[in-house]
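Visitor: My request is simple: use the sequences and hints to build the entire structure.
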Amino acid sequence: MHDKMRTEMAAIHSSVSEMGEYALVMLTESLEALEKNDKQMALSVIQKNPSLTTQYQALEEEMFRFIAIYQPVAKDMRKMVCSIRLIYNFERIGRMGKDIARMIINFPDVDHRSHEKSIRKMGEVVTNMIADCTVAYQKEECDLILEMYKRDDIVDSLYEIVVEETIRWMVKEREMIPVGASYLIIARLLERCGDQACNIAEMVRYMISGQRPLVT
Amino acid sequence: MLSDPILITKNLNLWYGTNHALKDITMELPDKKTTAFIGPSGCGKSTLIRCFNRMNDLVDPCNITGSISYHGRELYGPDCDPVEIRMKIGMVFQKPNPFPKSIYENVAFGPRVHGIKDKCTLDQIVKESLTKAALWDEVCDRLSDSALGLSGGQQQRLCIARTLAVNPEIILMDEPCSALDPIATAKIEDLIDVLKQDYCVIIVTHSMSQASRVSDYTAFMYLGELIEYGETSQIFENPTVELTENYITGRFG
Chain A
795 MHDKMRTEMA AIHSSVSEMG EYALVMLTES LEALEKNDKQ MALSVIQKNP SLTTQYQALE
855 EEMFRFIAIY QPVAKDMRKM VCSIRLIYNF ERIGRMGKDI ARMIINFPDV DHRSHEKSIR
915 KMGEVVTNMI ADCTVAYQKE ECDLILEMYK RDDIVDSLYE IVVEETIRWM VKEREMIPVG
975 ASYLIIARLL ERCGDQACNI AEMVRYMISG QRPLVT
Chain B
-10 MLSDPILITK NLNLWYGTNH ALKDITMELP DKKTTAFIGP SGCGKSTLIR CFNRMNDLVD
50 PCNITGSISY HGRELYGPDC DPVEIRMKIG MVFQKPNPFP KSIYENVAFG PRVHGIKDKC
110 TLDQIVKESL TKAALWDEVC DRLSDSALGL SGGQQQRLCI ARTLAVNPEI ILMDEPCSAL
170 DPIATAKIED LIDVLKQDYC VIIVTHSMSQ ASRVSDYTAF MYLGELIEYG ETSQIFENPT
230 VELTENYITG RFG
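Chains as they are written, first to last, in my numbering: chain A, 795 to 1010; chain B, -10 to 242.
By construction, these hints were calculated from the structure, which means they are not laboratory data. Check before you lean on any hint, since a few could be wrong.
[Claimed, not checked] Looking from chain B toward chain A, a few residues come up when the C-beta cut is under 10 Å (computed):
| no. | residue |
| --- | --- |
| 1 | ASP(-7) |
| 2 | MET197 |
| 3 | ASN227 |
| 4 | PRO228 |
| 5 | THR233 |
| 6 | GLY239 |
[Unchecked claim] Take a look, some chain A residues computed to stay more than 12 Å from chain B by CB distance:
| no. | residue |
| --- | --- |
| 7 | MET799 |
| 8 | ILE806 |
| 9 | SER808 |
| 10 | GLN834 |
| 11 | MET857 |
| 12 | ASP870 |
| 13 | ARG896 |
| 14 | VAL904 |
| 15 | LYS911 |
| 16 | LYS915 |
| 17 | GLU941 |
| 18 | TYR943 |
| 19 | ARG945 |
| 20 | GLU959 |
| 21 | ALA975 |
| 22 | ASN993 |
Using N, Cα and C, we set each Cβ at its ideal position, and we do this for glycine too.
Guide: Following this line, the structure appears as structure tokens:
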């Protein structure tokens, strides 16, 4: 019976990792669509959303069933509890990717590429954080995610820079106001994705070590 | 480790003939808490709790070294009377074993042996013990019926009442639920939860989930050694020894 439990647990672990990658793809592609002003790509991100929801629901169901049947303890319990929380974080990240994509679709036809630098930088830091979290979970290794809160501080300061810059050019270029408003929202979404990465890192560290890292 | 332990074992070793059944067990057991012993069959957990009320005296050949102190008194010391010890440290076994007597007589038996003759006092002890064992309501109108007519779960609670009747401090339970159905098991577990307010309860169980449900402290034993001992929540959430982890997660055992 324990072989069966191990097999099911391994399957859940790899499905959760896959969902993490899927959500990350939604976020990265939405940022790529922003960079290229590619509405077609933004549309494809939105079309990924139903599958994200399906994965989330199926995995949650599967893990509830696993707990009811096997009543895992110790490392097994930590992995299950952590995975249940992770799929929630992944679902949020994917959905924020979708929200960004939706905004790009509604962008007016203006060239905003000269303003992208800071928001692109912010996107890079955030997506790297999430990518590292996904790998850490997949490989069950903490090394990549030890400094997550420091990295989130960088995201927070980039957020402030984006807000400041955006307001500045919105004042100067009134025709850019609709794009600027979207920029502010996108920056806010990215900042929240950074928070999600911190939550994931904290859970993965708990899953691996059983210790709850001090939040600083 | 504990502020006020009721039992302290130090370097306890036990041999059944040449079989080294307990190896250097050193631990402190808390009063008014439940401590569970888990481990695969033959790991020594029953042997250990049988040491606590000197049941192993009845096994030959059995050699014990090291010490067990109960309230600072050496259990295996020359001045220690095993009969008195078994009154203060009672035991409930795996299979319910009521005497082939009435329900009343089963509970009154112990106090009578210890010299209580007065009918009123005995009536009171029987009622109190059966009430504490959560059995009174089910049997109060048929105290003179044979105990053997009770269900397995009721018989086991009767055995607990019989143990309580001589006013013990420690109750040892050796797999008390392994012969019972889930409902009777749940009743015993609820009872353990109540009993620990007044007694030190020590339970040996093969059911990991039972250990995690009923106990405050859990000790994991393997091949006669105490591998890990700590708060139950810690043992089941984040054990420090890999062997414990492997056992409780079912990787062996």
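Visitor: Against each hint, give a clear statement of whether it holds in the structure.
Guide: Against the structure, the hints come out as follows:
Proximity of ASP(-7)(B) to chain A is violated relative to the hint, the smallest CB-CB distance being about 29 Å (cut-off 10 Å). Given the 10 Å rule on beta carbons, the hint for MET197(B) holds: about 7 Å separates it from the nearest Cβ of chain A. Below 10 Å, beta-carbon pairs count as interface contacts, and ASN227(B) has one with chain A at about 3 Å; its hint therefore holds. Below 10 Å, beta-carbon pairs count as interface contacts, and PRO228(B) has one with chain A at about 6 Å; its hint therefore holds.
Taking 10 Å as the C-beta contact cut-off toward chain A, the hint placing THR233(B) at the interface holds, the least distance being around 8 Å. Because the closest C-beta pair between GLY239(B) and chain A is about 5 Å apart, less than 10 Å, the hint holds. Distance check for MET799(A) against chain B: the nearest CB is about 7 Å away, which does not clear 12 Å, and the non-interface claim fails. Here ILE806(A) stays apart from chain B, with its beta-carbon at least about 15 Å from theirs, past the 12 Å limit.
Every CB of chain B is more than 12 Å from the CB of SER808(A) (nearest about 19 Å), matching its label as outside the interface. For GLN834(A), the shortest C-beta to C-beta distance to chain B comes to about 49 Å, beyond the 12 Å cut-off, and the non-interface label holds. Chain B leaves MET857(A) outside its interface by the beta-carbon criterion, the shortest separation being 16 Å against a cut-off of 12 Å. Here ASP870(A) does not stay apart from chain B, with its beta-carbon only about 5 Å from theirs, under the 12 Å limit.
Its beta-carbon lying about 42 Å from the closest one in chain B, ARG896(A) satisfies the requirement of being farther than 12 Å from that chain. Against chain B, the non-interface label of VAL904(A) holds: every CB pair exceeds 12 Å, the least being about 55 Å. Look at LYS911(A): its CB is around 45 Å from the nearest CB on chain B, clear of 12 Å, so calling it non-interface holds up. With a least CB separation of 39 Å from chain B, LYS915(A) remains clear of the 12 Å interface cut-off, as annotated.
For GLU941(A), the non-interface assignment is confirmed: its Cβ lies about 23 Å from the closest Cβ of chain B, beyond the 12 Å cut-off. Non-interface status of TYR943(A) relative to chain B is upheld: no Cβ of that chain comes within 12 Å, the nearest being about 22 Å off. No beta-carbon of chain B is positioned within 12 Å of the beta-carbon of ARG945(A); the least distance is around 27 Å. No beta-carbon of chain B is positioned within 12 Å of the beta-carbon of GLU959(A); the least distance is around 46 Å.
Under the 12 Å C-beta cut-off, the non-interface status given to ALA975(A) relative to chain B holds; the minimum distance is some 47 Å. The Cβ of ASN993(A) sits about 19 Å from the closest Cβ of chain B, beyond the 12 Å cut-off, so the non-interface label holds.
Going through the hint list in order, the structure does not satisfy hints 1, 7, 12.
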